[in-house]
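One-letter residues, chain by chain:
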Amino acid sequence: MKVLIIEDEADIRNAILSYLVKDHFICEWADTYLLASDKLLMFTYDIIVLDITLPGGSGLSLLKQLKDKKSEAGLIIISAKNALEDKLAGLDLGADDYLTKPFHLAELRSRIHALIRRKTTNNTEVVTFHELSINLNHAEAFVNDEQIVLTKKEYELLFYLVQNQHRVLSKEAIAEHLWGDFMENMPSFDFVYTHIKNLRKKMIQLGCNDYIKTIYGFGYKFTDH
Amino acid sequence: MKLLKQTNRDFIVAASIVSVIAGVSLYFLITGIIREETVDTLAVNCLRIEKKIENNDAVHTQLPILEVAYLPQLPNVAYVITDTVIFDEIEGEPTQFTSFTLYKLINGNNIAITCRSKTIENVDVFWAVLKSFGVFLILIFGILFFMNKRSHKKIWTSFYKNLETVKSYSLKTGSELNLMHTSIDEFNELNNVLNNLTNQISRDYATLKNFTENASHELQTPLSIIRNNTELLMQANIDENVVKYVEKIYVTTNRISHVVEALLLLSKIENNQFKTVSLINFNEVITAQVKMYAEIFGDAFAIELKLNDVFKHEMNLQLAGVLVKNLIENGLKHKPINGKLNIWIDATKIVFANPGVKPVGEISNYFNRFTKEDEASKSSGLGLAIVSDICKVSGLQVSGVYEDGNYQFTISQA
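Chains as they are written, first to last, in our numbering: chain A, 47 to 271; chain B, -14 to 399.
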């Protein structure tokens, strides 16, 4: 998988690159409009993460360029502007997703993976983790072939945890992944614990190992270590 | 009171005072002159009669205007002026006469020559003066009225037009204040001052408007960097004690980020950036959100919704969502753990009620920015300010009361 990160802010770019390094993607980056435009002309990418405000030009023009080229790359916009019009303009020009700064790295990664899944037409995709398996097409989870009865949110939570295995996920990132913009201004994210607790209980009942580790005060980590 | 009315009134008062003084003076002047002239004429007549008597011409008494009398002795005075009332046979009524009597020794005889003339009565003079001044005043006021009306139209039309322009001027349109040029220097000066003032305010307003938006966007980038690096730091195997510190940084960064978001939202609401409106069914909006909260909070769920009727209002959908969300969150945040947030919807109002501790100040203060019940509180103090601003731009009204240990916030159509 080839990923191009177009972001002029070095610290954000480096954070994204560091976070994605474990995924074994081929990551390239561009920090100006011109450099990005050149790279998009010369090479083909599977995923492009694009910041709208760039030195030398607007990221929206790059979107047009990609559209003209009939690019099949998955496109995620990251922008400091949380305006509906900007979002619509970006999505209109062919972007697949839109993230507002500040975003959670885990969320960006999860969206990249979702895009990859959507682009690769795999009929029956199943993600497994030891005795646990998740059928993405039917949105079902199993412990040793026995189905766990989950609510829609519990399924999403489990998949998010498995997808970000071995990574620490904050309560905020989990909440925002599950409920999106609705989590803005939440005074506390302690309610995530209730959902984790319910999920854990259902999994253990079917004989699954407890892979959900609590990271004191901060969040959770899905791991077998 | 209008300027024209005021100046007219002042003028009428001044003109009346001057007229009274002038009238009284004129009355005394005229009566004085008449008296003097009458006496003069009578004296000359007496001298003429004296000459006739001296020349032994026959002089006959002709009452009441001429009387010649022979006296045994002359008085000590040369003449006497008197006013007498005599019955005038021609006029058929008692009439006042002015008499001039000359005492003289003529041809060895002591003679008194009396000439009389009908006195012009003071009352007549008084009425004459009053009438002429009355006509004068009416004419003056009449002419003034018409002239004012004419020049008023000419002078003030542009003023009133400009006044309308200023009244309907709004900073939000960003247009310039175009005032009409007039022929009056004072008005033009006022126009210049107004133009300069509005231009300055307009520039300041634009700067401020952009500042809030730019500042918010500029802040989000460094906040992103802090947040992303904290997330990266958490991926490393760090000590549990250190996690505590990292968590603090992370949570605080999120808090700043939310305050910035809220400020940006407030500035967008104030700048009228939510223009599209549609008829919103609040029952649907609230039911959906309550469902969402039920899912989020699970067992600890604490909202009771009563739909008595349907509340509908024309406004921006996004703002309606934020309005409801902020009021629900405010209730959830400030109720005791076991307390319940009650929402009931009527056709004319929506009420959000929750138990809570007595407010420190006035509840209306909670609609101001950065007002919190206590400084240590983790809330930004912007939630209800956003509620108030959304209501202002959406034709809604919000009010809050604290009664019997319950907070009650009511939304109704303005």
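Please keep in mind that the hints were generated in silico from the structure rather than gathered at the bench.
Note that beta-carbon positions come from the ideal geometry of N, C-alpha and C, so glycine has one too.
A few of these clues could be false.
Unchecked claim - Using C-beta positions, here's what the derived DEER-type ranges look like:
1. B:I234 - A:D227: 30 to 38 angstroms
2. A:F228 - B:V378: 17 to 25 angstroms
3. B:A200 - A:D227: 19 to 27 angstroms
4. A:K116 - B:N293: 50 to 58 angstroms
5. B:G346 - A:D57: 40 to 48 angstroms
6. B:D224 - A:D57: 34 to 42 angstroms
7. A:L134 - B:K(-10): 55 to 63 angstroms
8. A:T166 - B:I186: 54 to 62 angstroms
9. A:S64 - B:R188: 39 to 47 angstroms
10. B:V378 - A:H70: 27 to 35 angstroms
11. A:K116 - B:A200: 35 to 43 angstroms
As the list claims (entries may be wrong) - With a straight-line Cα cutoff of 27 angstroms, these simulated DSSO-like cross-link-like pairs (lysine-lysine) come out:
12. A:K113 - A:K165
13. A:K127 - B:K253
14. B:K276 - A:K247
15. B:K276 - A:K248
16. A:K127 - B:K37
17. B:K276 - A:K198
18. B:K377 - A:K243
19. B:K152 - A:K243
20. A:K243 - B:K318
21. B:K36 - A:K199
22. A:K127 - B:K229
23. B:K152 - A:K199
24. A:K127 - B:K157
25. B:K138 - A:K133
26. B:K157 - A:K243
27. A:K68 - B:K260
28. A:K133 - B:K253
29. A:K198 - A:K48
30. A:K133 - B:K233
31. B:K325 - A:K127
32. B:K138 - B:K157
33. A:K133 - B:K318
34. B:K(-13) - B:K134
35. B:K229 - A:K259
36. A:K127 - B:K152
37. B:K320 - A:K243
38. B:K233 - A:K267
39. A:K267 - B:K229
Hint by hint, here is what the structure shows:
1. Range check, I234 (chain B) to D227 (chain A): about 23 angstroms between beta-carbon atoms, so the 30 to 38 angstroms window is missed.
2. Between F228 (chain A) and V378 (chain B) the CB atoms are about 22 angstroms apart, so this pair conforms to the stated range of 17 to 25 angstroms.
3. Separated by about 21 angstroms at the C-beta atoms, A200 (chain B) and D227 (chain A) satisfy the suggested range of 19 to 27 angstroms.
4. In this structure, K116 (chain A) and N293 (chain B) meet the distance hint of 50 to 58 angstroms, their C-beta atoms being roughly 56 angstroms apart.
5. Take G346 (chain B) and D57 (chain A): their Cβ atoms lie about 43 angstroms apart, and the range 40 to 48 angstroms holds.
6. Checked against the hint of 34 to 42 angstroms, the C-beta distance between D224 (chain B) and D57 (chain A) comes to roughly 25 angstroms, which is inconsistent with it.
7. Roughly 58 angstroms separates the CB atoms of L134 (chain A) and K(-10) (chain B), a value that falls within the hinted 55 to 63 angstroms.
8. Roughly 58 angstroms separates the CB atoms of T166 (chain A) and I186 (chain B), a value that falls within the hinted 54 to 62 angstroms.
9. A beta carbon spacing of about 45 angstroms between S64 (chain A) and R188 (chain B) agrees with the range 39 to 47 angstroms that was offered as a hint.
10. Distance hint check for V378 (chain B) and H70 (chain A): the Cβ-Cβ separation is about 51 angstroms, which falls outside the suggested range of 27 to 35 angstroms.
11. At about 40 angstroms, the CB distance of K116 (chain A) to A200 (chain B) agrees with the hint of 35 to 43 angstroms.
12. Between K113 (chain A) and K165 (chain A) the alpha-carbon distance is near 16 angstroms, which keeps this suggested pair within the 27 angstroms criterion.
13. Restraint check for K127 (chain A) and K253 (chain B): satisfied, since their Cα atoms lie roughly 12 angstroms apart, inside the 27 angstroms limit.
14. Using a Cα cut-off of 27 angstroms, the hinted pair K276 (chain B) and K247 (chain A) holds, with the two alpha carbons roughly 24 angstroms apart.
15. Note on K276 (chain B) and K248 (chain A): the hinted pairing holds, with a Cα-Cα distance of about 23 angstroms set against a maximum of 27 angstroms.
16. Annotation: proposed proximity of K127 (chain A) to K37 (chain B) is violated, straight-line Cα distance about 125 angstroms (limit 27 angstroms).
17. With a C-alpha separation of about 14 angstroms, the suggested pairing of K276 (chain B) with K198 (chain A) holds against the 27 angstroms cut-off.
18. This hinted pair does not check out: K377 (chain B) and K243 (chain A) have alpha carbons roughly 43 angstroms apart, beyond 27 angstroms.
19. A threshold of 27 angstroms between alpha carbons decides the hint, and for K152 (chain B) with K243 (chain A) the separation of about 62 angstroms lies outside it, so the pair is violated.
20. For the hint linking K243 (chain A) to K318 (chain B), the alpha-carbon distance of about 23 angstroms falls within 27 angstroms, and the restraint holds.
21. Annotation: proposed proximity of K36 (chain B) to K199 (chain A) is violated, straight-line Cα distance about 143 angstroms (limit 27 angstroms).
22. At most 27 angstroms may separate the alpha-carbon atoms for a hinted pair to count; K127 (chain A) and K229 (chain B) exceed this at roughly 31 angstroms.
23. For the suggested pair K152 (chain B) and K199 (chain A), the alpha carbons sit about 55 angstroms apart, so the restraint of at most 27 angstroms is broken.
24. Restraint check for K127 (chain A) and K157 (chain B): satisfied, since their Cα atoms lie roughly 22 angstroms apart, inside the 27 angstroms limit.
25. With a CA separation close to 56 angstroms, the supplied pair K138 (chain B) and K133 (chain A) exceeds the 27 angstroms bound.
26. A distance of roughly 52 angstroms separates the Cα atoms of K157 (chain B) and K243 (chain A); the hinted pair therefore is violated under the 27 angstroms criterion.
27. Taking the CA atoms of K68 (chain A) and K260 (chain B), the gap is near 45 angstroms; set against the 27 angstroms cutoff, the hint is violated.
28. The hinted pair formed by K133 (chain A) and K253 (chain B) meets the criterion: a straight-line CA distance of about 16 angstroms does not exceed 27 angstroms.
29. The hinted pair formed by K198 (chain A) and K48 (chain A) fails the criterion: a straight-line CA distance of about 32 angstroms is larger than 27 angstroms.
30. About 31 angstroms separates the Cα atoms of K133 (chain A) and K233 (chain B), which puts this hinted pair outside 27 angstroms; it is violated.
31. Annotation: proposed proximity of K325 (chain B) to K127 (chain A) is violated, straight-line Cα distance about 37 angstroms (limit 27 angstroms).
32. Taking the CA atoms of K138 (chain B) and K157 (chain B), the gap is about 32 angstroms. The hint is violated against a cut of 27 angstroms.
33. For the hint linking K133 (chain A) to K318 (chain B), the alpha-carbon distance of about 31 angstroms lies beyond 27 angstroms, and the restraint is violated.
34. Between the alpha carbons of K(-13) (chain B) and K134 (chain B) the distance comes to roughly 13 angstroms, so the proposed pair stays at or under 27 angstroms and holds.
35. The hinted pair formed by K229 (chain B) and K259 (chain A) meets the criterion: a straight-line CA distance of about 16 angstroms does not exceed 27 angstroms.
36. Taken as a hint, the K127 (chain A) and K152 (chain B) pair is broken in the structure, with Cα atoms around 35 angstroms apart against an allowance of 27 angstroms.
37. Restraint check: the Cα-Cα separation between K320 (chain B) and K243 (chain A) comes to about 25 angstroms, which is no more than 27 angstroms; the hinted pair holds.
38. For the given pair, K233 (chain B) sits about 18 angstroms from K267 (chain A) by alpha-carbon distance, which is consistent with the 27 angstroms threshold.
39. With a CA separation close to 16 angstroms, the supplied pair K267 (chain A) and K229 (chain B) stays within the 27 angstroms bound.
Taken one by one, the earlier hints fail for this structure at numbers 1, 6, 10, 16, 18, 19, 21, 22, 23, 25, 26, 27, 29, 30, 31, 32, 33 and 36, listed in ascending order.
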